[in-house]
Amino acid sequence: MKNTTFTISLVLLAISALQTNVFAGSETNSTYLEVLQASNNVATVIQTLPGVEKLWPQEPVAYIKSVSQAAHVFDGSLSDSNAHQAYLNLFASMMQKSCPTNEDQAASWIEQKRDIVRFCMRVDELRNNKSQWLAVAKFLGEVRSKKIPNYVNQGVMLSIMNLGPGGQAEMQKAVEENERKKITDNFQSQLWQAESSLMFQLQHDCPFTQPNQPVDSNFVSQVTSTAHLTDKESKELQGN
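At position 154 of the sequence shown the residue is numbered 154 (the working numbering), and the sequence of numbers has no breaks.
Any given hint could be a false lead.
DSS-like, lysine-lysine: derived pairs with alpha carbons at most 27 Å apart [to be verified]:
id	residue 1	residue 2
1	Lys173	Lys138
2	Lys97	Lys130
3	Lys182	Lys146
4	Lys97	Lys138
5	Lys54	Lys181
6	Lys146	Lys232
7	Lys146	Lys130
8	Lys235	Lys182
9	Lys54	Lys138
10	Lys97	Lys147
11	Lys146	Lys181
12	Lys146	Lys97
13	Lys235	Lys138
14	Lys146	Lys54
15	Lys97	Lys54
16	Lys138	Lys232
17	Lys235	Lys130
18	Lys130	Lys147
19	Lys232	Lys130
20	Lys146	Lys235
21	Lys147	Lys232
22	Lys97	Lys182
Hint data in this document are derived by calculation from the structure and do not stem from the laboratory. Nothing here was measured: the structure is a model prediction, and the numbers come from that model.
Given the sequences, and given the hints that come with them, work out the whole structure.
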C-alpha cells in the first residue's frame, strides 16, 4: 500500500507539472514581463505593443495577460492622448481575436477577456460606441457556442480505492483522464461566468436607445443575432 500511494503521488506531481507548464510561459514571457515591469510608464508600455501583438496566436495566455496589464496602465492616464488612443486600439484589436482551441488556455483566455471587457467598457468612448458593443455581442455569441448545455462537472476526487489492482499504468491512465475532465470542468465554468457577466453588461450598459429617440431596431437585431440571444432576451434588453 505504501508503494502504491507513493506511485500515485508521483503521477499526480507529473500531471500537475504538465498543467503548470501551460501557464508558466506567460509568467516568464519577456514581452509580458516588460509590460508588467513598466508599471505606470505609459511610453514604455506603448513601445511594447507591437511585441504584444506578435504573441498572438502562438502564446494566447501571455498575450491576453499582457493586454490586461497594458489596459490598466493606460486607464490611469487617459488624459494623455497617446495613452487614450493606445487604449482604444488595444481593446479593438483584442476583441477581434477568438478563443484558443486548447481548453487549458481557453479557460484563462475567457476569464481574462471577460474581465478586460468589463473593465474597459466603463470608458465613455467605448461604452457609447455601438460597433464595440457588437464586438462584445460577438464575444458573447462565441462563449455561448462553446457552452455544453446542462453540463455537469465530470472530475472527481480520486483515491487509491477507486483505482483497482491494475498497477501503475492503470493508475496513471485514471489520473490523467480525471485531470482532463477537470480541465473541461474549469473551461465550462469560465464560459458560464463570462456569459453571465456579458449579459449583465448588455442589459445595463448597451445603448439600445438614445434620449428622446426610438429603439434602434437594426442595432437590436444585429446584437440579437451576433450574441445568439433568444427572442425573450432580446425583448428584455429593450425593456419590453
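Now for the hints, and whether the structure bears them out:
no., hint, verdict
1, Lys173 to Lys138, "38 Å, violated"
2, Lys97 to Lys130, "18 Å, holds"
3, Lys182 to Lys146, "16 Å, holds"
4, Lys97 to Lys138, "11 Å, holds"
5, Lys54 to Lys181, "31 Å, violated"
6, Lys146 to Lys232, "21 Å, holds"
7, Lys146 to Lys130, "25 Å, holds"
8, Lys235 to Lys182, "36 Å, violated"
9, Lys54 to Lys138, "23 Å, holds"
10, Lys97 to Lys147, "18 Å, holds"
11, Lys146 to Lys181, "16 Å, holds"
12, Lys146 to Lys97, "15 Å, holds"
13, Lys235 to Lys138, "18 Å, holds"
14, Lys146 to Lys54, "26 Å, holds"
15, Lys97 to Lys54, "13 Å, holds"
16, Lys138 to Lys232, "19 Å, holds"
17, Lys235 to Lys130, "18 Å, holds"
18, Lys130 to Lys147, "26 Å, holds"
19, Lys232 to Lys130, "21 Å, holds"
20, Lys146 to Lys235, "24 Å, holds"
21, Lys147 to Lys232, "19 Å, holds"
22, Lys97 to Lys182, "26 Å, holds"
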